[in-house]
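Trainee: For reference, the chains in residue letters:
2 protein chains.
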Amino acid sequence: MSHRIILLAHGSSDKRWCETFEGLAGPTLKAVPESRVAYMELAEPSLENTVAEGVSAGVDAFTVIPLFLAAGRHLRKDVPAIIESLERAHNVKISLAPPIGENPLLGQAIKDVVVLQLTSTDP
Amino acid sequence: MSHRIILLAHGSSDKRWCETFEGLAGPTLKAVPESRVAYMELAEPSLENTVAEGVSAGVDAFTVIPLFLAAGRHLRKDVPAIIESLERAHNVKISLAPPIGENPLLGQAIKDVVVLQLTSTDP
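Just so you know, the sequences run in chain order C and L. Throughout the first sequence, residue numbering follows my numbering, covering 1 to 123 in sequence. Throughout the second sequence, residue numbering follows my numbering, covering 1001 to 1123 in sequence.
These aren't lab readings, by the way, just hints derived from the structure by calculation. Here the structure is a predicted model, which is why all the values come from computation and not from measurement. Don't take each hint at face value.
Unchecked claim - Listed below are the simulated SDA-like cross-link pairs for lysine to any residue, each with C-alpha atoms no more than 25 angstroms apart in a straight line: (1) C:K77 to C:T119; (2) L:K1093 to C:T119; (3) C:K93 to L:S1120; (4) C:K15 to L:A1081; (5) L:K1015 to L:E1041; (6) L:K1093 to L:A1081.
Stated by the list, open to error - Here's a subset of chain C near chain L, in silico, CB distances under 8 angstroms, partners left out: (7) T28; (8) A31; (9) S46; (10) I100; (11) V114.
All C-beta atoms in this analysis are idealised placements derived from N, C-alpha and C, irrespective of residue type, glycine included.
Only chain C is shown next, with the shape it has when bound in the complex (with noise of 0.2 angstroms):
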């Protein structure tokens, strides 16, 4: 059995939006084995084909943390729906995690950036 994990951000027809969002899982995609990124909607790779090309691989379990800092209609309905028919259409496991705005540790993050910022901008 082998498992792969997926860093799932909305996606956008921007490709600074993307970029950005590839630096942000850049850690995480160094840190962790097995770890790809993949977009809701508007952008590639798709969760779909991110998950169609980890079945081709061997993988039969996938997890997927949303990056997102808080779940709306998104993580509470659209991304559940996709997971259920792509459970399906593999014959594979897909969990979802919460999305990460929900661990205190994003707050906290949030408030360096934010003190960072302002001793750097003070006049």
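We have chain C already, so just place chain L on it with the hints.
Mentor: Here is chain L on its own, set in the frame of chain C:
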């Protein structure tokens, strides 16, 4: 001259979404004096009301720090347009910082969250 920090989130009609952002902003609100949370749309307090409230309290300079992981259309077009109109309406200076996700600290925090997540859900 008085200066106020506005942590700007997208906003949602889903109360749970806003509660997650209030949690994310908590450490910053505690650490940074004169900081507030505001929403771009779909939730209160709005950016407009937060600036108006600051102006009433004697604030004449604001820094808007977007609680967004990356800059898309909202941060490239909509928010700058709102800010320009608020600057004119209130005769104040409003600076727009980069989204928090452009700081490498966020990528590190995401890695920490993912590693924790995987450790806690390992079979």
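Trainee: For every hint, state whether the structure bears it out.
Mentor: Hints and how they fare:
no. : hint               : result
1   : C:K77 to C:T119    : violated, 40 angstroms
2   : L:K1093 to C:T119  : holds, 18 angstroms
3   : C:K93 to L:S1120   : holds, 18 angstroms
4   : C:K15 to L:A1081   : holds, 22 angstroms
5   : L:K1015 to L:E1041 : holds, 13 angstroms
6   : L:K1093 to L:A1081 : holds, 14 angstroms
7   : T28                : holds, 4 angstroms
8   : A31                : holds, 5 angstroms
9   : S46                : violated, 18 angstroms
10  : I100               : holds, 5 angstroms
11  : V114               : holds, 5 angstroms
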